[in-house]
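Protein chains: 2
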Amino acid sequence: MGGNRELAERFISRLEARDWGAWARLLHPDVIYEIPQSRERIRGRERYLQFNREYPGDWHLRPKVIIADDQRGVVWFEWSVDGSGPDDAMAFFEFADGLITRVTDFWPEPFEPPAGREHLVERWLPARVH
Amino acid sequence: MGGNRELAERFISRLEARDWGAWARLLHPDVIYEIPQSRERIRGRERYLQFNREYPGDWHLRPKVIIADDQRGVVWFEWSVDGSGPDDAMAFFEFADGLITRVTDFWPEPFEPPAGREHLVERWLPARVH
Numbered sequence: 261m262g263g264n265r266e267l268a269e270r271f272i273s274r275l276e277a278r279d280w281g282a283w284a285r286l287l288h289p290d291v292i293y294e295i296p297q298s299r300e301r302i303r304g305r306e307r308y309l310q311f312n313r314e315y316p317g318d319w320h321l322r323p324k325v326i327i328a329d330d331q332r333g334v335v336w337f338e339w340s341v342d343g344s345g346p347d348d349a350m351a352f353f354e355f356a357d358g359l360i361t362r363v364t365d366f367w368p369e370p371f372e373p374p375a376g377r378e379h380l381v382e383r384w385l386p387a388r389v390h
Numbered sequence: 261m262g263g264n265r266e267l268a269e270r271f272i273s274r275l276e277a278r279d280w281g282a283w284a285r286l287l288h289p290d291v292i293y294e295i296p297q298s299r300e301r302i303r304g305r306e307r308y309l310q311f312n313r314e315y316p317g318d319w320h321l322r323p324k325v326i327i328a329d330d331q332r333g334v335v336w337f338e339w340s341v342d343g344s345g346p347d348d349a350m351a352f353f354e355f356a357d358g359l360i361t362r363v364t365d366f367w368p369e370p371f372e373p374p375a376g377r378e379h380l381v382e383r384w385l386p387a388r389v390h
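Keeping their order, the protein sequence lines are chains D and P.
Heads up, this note's numbering is the position in the first sequence plus 260, with the first residue counted as 1.
Heads up, this note's numbering is the position in the second sequence plus 260, with the first residue counted as 1.
Note that these hints are calculated values from the structure, not bench results.
It should be emphasised that the depicted structure is a prediction, and the values quoted were computed from it without experimental measurement.
Be aware that one or more of the hints could be misleading.
No distinction is drawn between identical chains; accordingly, a pair holds when it is met within one copy or between any pair of copies.
Below, in silico cross-link-like pairs of lysine to aspartate or glutamate (DMTMM-like), each with a Cα-Cα straight-line distance of 25 Å or less [to be verified]:
1) 324 to 276
2) 324 to 290
3) 324 to 382
4) 324 to 378
5) 324 to 306
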């Protein structure tokens, strides 16, 4: 389980470092990557590596929370690109035999609160003005 | 840790059941609830309970993945309201002394894929036509 937590942590840190070789070695050759919000799926380590290498912009990732058990894990991280953000995102993992076999990530966007709950909530200021 | 996993599971199941008494008993009296996307915060069990009791619509929750360790946990769940959805959401937890002390949730929305990665991805159909 410590091993899986470390796999999740290294997944983010090796991406941030653009250390593509070390990043790819965390992945099963048949890894499945999914983005449910856009209903996109990438099959296999080589395509997933290419996807990240080709991803546009000067993006940065910073882990905030990592949780893992013997089969699954999650990293909640902050990301920014080309000076926008930071926003929160999260990547869920499945593990087998010391490798990552599935990655599913989510990219929530800021929204304004609906009316009608002002009597219960307080708000905080944006982390940075865009 | 099994206890924390069960706390996370019951958090969702007692909400879905509108079993407000059992749901509130999972929470520390000074629980903090945050929605980073709208920068909203609710302080305390009583207000958080009121927030959920007043939340409009016929909403439903179904857990998909639960991960917990001795301090933190997450539930990735499907939600729908008034026949729209299902969409994915996730709630992160902090635990102390067998209670939930902090809840942070995220509500990602569907988006269309940006152009330029069609050579790497496949897409799947929506779960339901809205």
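Quick rundown of the hints versus the structure:
no. : hint       : in the structure
1   : 324 to 276 : within (14 Å within a copy, 29 Å between copies)
2   : 324 to 290 : between (28 Å within a copy, 23 Å between copies)
3   : 324 to 382 : within (23 Å within a copy, 30 Å between copies)
4   : 324 to 378 : neither (28 Å within a copy, 31 Å between copies)
5   : 324 to 306 : neither (28 Å within a copy, 28 Å between copies)
Comparing the model with each numbered hint stated earlier shows that hints 4 and 5 do not hold.
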